[in-house]
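Undergrad: Below are the chains, spelled out letter by letter.
Protein chains: 2
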Amino acid sequence: MTINTEQRQQQRHRERQQKVKEAVDAKVAAATEERGVLMVLTGNGKGKSTAGFGTVARAVGHGKQAAVVQFIKGNWDCGERKLLEAHGVPFEVMATGFTWETQDREADTAAALKAWEAAERWLADPAIDLVLLDELTYMVSYHYLELERVLSALRQRPLHQHVIITGRNCHRQLIELADTVSELECVKHAFEAGVKAQPGFDF
Amino acid sequence: MTINTEQRQQQRHRERQQKVKEAVDAKVAAATEERGVLMVLTGNGKGKSTAGFGTVARAVGHGKQAAVVQFIKGNWDCGERKLLEAHGVPFEVMATGFTWETQDREADTAAALKAWEAAERWLADPAIDLVLLDELTYMVSYHYLELERVLSALRQRPLHQHVIITGRNCHRQLIELADTVSELECVKHAFEAGVKAQPGFDF
Numbered sequence: 001m002t003i004n005t006e007q008r009q010q011q012r013h014r015e016r017q018q019k020v021k022e023a024v025d026a027k028v029a030a031a032t033e034e035r036g037v038l039m040v041l042t043g044n045g046k047g048k049s050t051a052g053f054g055t056v057a058r059a060v061g062h063g064k065q066a067a068v069v070q071f072i073k074g075n076w077d078c079g080e081r082k083l084l085e086a087h088g089v090p091f092e093v094m095a096t097g098f099t100w101e102t103q104d105r106e107a108d109t110a111a112a113l114k115a116w117e118a119a120e121r122w123l124a125d126p127a128i129d130l131v132l133l134d135e136l137t138y139m140v141s142y143h144y145l146e147l148e149r150v151l152s153a154l155r156q157r158p159l160h161q162h163v164i165i166t167g168r169n170c171h172r173q174l175i176e177l178a179d180t181v182s183e184l185e186c187v188k189h190a191f192e193a194g195v196k197a198q199p200g201f202d203f
Numbered sequence: 001m002t003i004n005t006e007q008r009q010q011q012r013h014r015e016r017q018q019k020v021k022e023a024v025d026a027k028v029a030a031a032t033e034e035r036g037v038l039m040v041l042t043g044n045g046k047g048k049s050t051a052g053f054g055t056v057a058r059a060v061g062h063g064k065q066a067a068v069v070q071f072i073k074g075n076w077d078c079g080e081r082k083l084l085e086a087h088g089v090p091f092e093v094m095a096t097g098f099t100w101e102t103q104d105r106e107a108d109t110a111a112a113l114k115a116w117e118a119a120e121r122w123l124a125d126p127a128i129d130l131v132l133l134d135e136l137t138y139m140v141s142y143h144y145l146e147l148e149r150v151l152s153a154l155r156q157r158p159l160h161q162h163v164i165i166t167g168r169n170c171h172r173q174l175i176e177l178a179d180t181v182s183e184l185e186c187v188k189h190a191f192e193a194g195v196k197a198q199p200g201f202d203f
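Just so you know, the protein sequences line up as chains A and B, in that order. Be aware that the first sequence starts at 1, since it is given in UniProt numbering, and climbs by one per residue. Be aware that the second sequence starts at 1, since it is given in UniProt numbering, and climbs by one per residue.
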C-alpha cells in the first residue's frame, strides 16, 4: 500500500495538533483558581503600556469597571485615554510630564504621591475590577514612592481585583509578588532608525 | 562650606536627569521621517495581542481608521472586539478557532486564506491607517499562507499605513522587514500557577 505525501503530511499534522491539544487541555483542567491577577509588563521593548491599555479596553468590552493611573506621561496626548474615558474609565494622570523635562525632585515626588493616593483608593475599592498602574515602576526606582507602601496596597486589594503594572526596571519585590510577568525585549525600534513618533500609533 | 545630603542628592538627580534629557532630545531631533511603521510583537510572553489591540484603541482615540484581522482566535469571546467594532473598526475573524481543536489542515488553510484576503484588501487601501494582523505568525509557520504573498502585500502597502503583526515564532523575514520588533518573554504566568483564564482580563 502506498500512502501519498499529502496524506502523510495531514496525518503528521493531526498527530502534532493532538499532542498540543492534550497539553493545553491538561493545563486548562489544572487551572481552576479564580482570583485577581497581578500582572507586570516590564523590559525595554515597545508595547508595555499599550498592552496595559489593551487589557483595559478588553475589560470595558466585557462590562467590567477599570481605572487607570498614569505616572510620568502626564503631558502627552493620549488616544487611549479619550476612548476609555468616554466608556466610563476614570483616569488619574500625574501632572508633571517626563521627569527629565522637569528635573525637580521635590515637585515630582509630590506629584507621584498625589497620583499614588488615587491608586490606593482604587486598590481598596471592590467595585473596581482592574487597575492599570501605568509606568509605576519608575516611581519606585526613582524613590518617589516607598516600595513598602506600594506592596502593601497591592497585597491588601480585593481578592477578585486585577492589577497591571507597566514600566522598565521593575523592582524585584514587585516581580516576586506578581502572578504574571512579561518582559518585553526591544529587538529593534523604528525610532532608532530615524522614524518619528507618530500620533495615533506611538502615542 | 558644608553641603547637606539632601542638596547633594538633588544635585546628582538633576545632573542625571539632564543627561537623560540630552540623550532623548538628540534622538528626537534625529527622528524626522514620517511613515507607516511595521511592528512585530512576538515571543512567548503574555501581552502581544493585547498590545496590538491597545494600539488600535489608541488609533481610534485619535480619529484614525484601523482594521483588524484575527487569525486563530475565531471562537473566543473578545472584549476588545465589542468595544472597537462599536467605534467603526472592521474585523475579519478566521472562523475555525484554535487549530488544535479542529485538527483539519485543509479547512484551516482555506479559512486562513479567506482571512488573508481581507488583510490584502486593507493593506491596499490608503483609507486604512492601521492594520492589526493578530496571530498572523502561525499562519506562516504552519504554512497555511505563503510567506512571499504576505511579504509582498506588506511591502506594497500605502506609505503612511502602520501594520502590527502578533504571534510567537515570527518568521525571520518578517522580522527583517519590520521597523519595530518587541519580543515578549514570559517570566512567569498565573495560568501555570493554577489560576484560571478570566473573562475581561485574559480574554
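I should point out that these hints are in silico values taken from the structure, not numbers from a laboratory. A quick note: this is a predicted structure, and the numbers were derived from the prediction, not measured. Backbone N, C-alpha and C define an ideal beta-carbon position, used for all residues, glycine too. Heads up, some of the hints might be wrong.
Straight-line distance between alpha carbons at most 30 Å, and here's what the computed DSSO-like set of lysine-lysine pairs gives [as the list claims (entries may be wrong)]:
1) A:64 - A:82
2) B:64 - B:27
3) B:21 - A:82
4) A:82 - A:196
5) B:82 - A:27
6) A:196 - B:27
7) A:19 - B:196
8) B:21 - A:188
Pair ranges (Cβ atoms, derived) [stated by the list, open to error]:
9) A:114 - B:148: 50 to 58 Å
10) A:110 - B:199: 50 to 58 Å
11) B:28 - A:149: 30 to 38 Å
12) A:155 - B:106: 46 to 54 Å
Undergrad: Does each hint hold? Answer for all of them.
TA: Results of checking the hints against the structure:
1. With a CA separation close to 18 Å, the supplied pair residue 64 (chain A) and residue 82 (chain A) stays within the 30 Å bound.
2. The straight-line distance between the Cα atoms of residue 64 (chain B) and residue 27 (chain B) is roughly 26 Å, inside the 30 Å bound, and the hint therefore holds.
3. With a CA separation close to 28 Å, the supplied pair residue 21 (chain B) and residue 82 (chain A) stays within the 30 Å bound.
4. Of the pairs offered as hints, the one joining residue 82 (chain A) and residue 196 (chain A) holds, with about 22 Å between alpha carbons and a cut-off of 30 Å not exceeded.
5. Among the hinted pairs, residue 82 (chain B) with residue 27 (chain A) is consistent with the structure: their alpha-carbon atoms are about 28 Å apart, no more than 30 Å.
6. Taken as a hint, the residue 196 (chain A) and residue 27 (chain B) pair is honoured in the structure, with Cα atoms around 10 Å apart against an allowance of 30 Å.
7. Between residue 19 (chain A) and residue 196 (chain B) the alpha-carbon distance is near 21 Å, which keeps this suggested pair within the 30 Å criterion.
8. Between the alpha carbons of residue 21 (chain B) and residue 188 (chain A) the distance comes to roughly 21 Å, so the proposed pair stays at or under 30 Å and holds.
9. Under the hint 50 to 58 Å, the C-beta atoms of residue 114 (chain A) and residue 148 (chain B), about 54 Å apart, fit the expected range.
10. Distance hint for residue 110 (chain A) and residue 199 (chain B): a CB-CB separation of about 39 Å, inconsistent with the stated range 50 to 58 Å.
11. In this structure the supplied range 30 to 38 Å holds for residue 28 (chain B) paired with residue 149 (chain A), their Cβ-Cβ distance being about 34 Å.
12. Against the hinted window of 46 to 54 Å, the Cβ-Cβ separation of residue 155 (chain A) and residue 106 (chain B) comes to about 52 Å, which satisfies the hint.
Checked against the numbered hints listed earlier, the structure breaks hint 10 alone; every other hint is satisfied.
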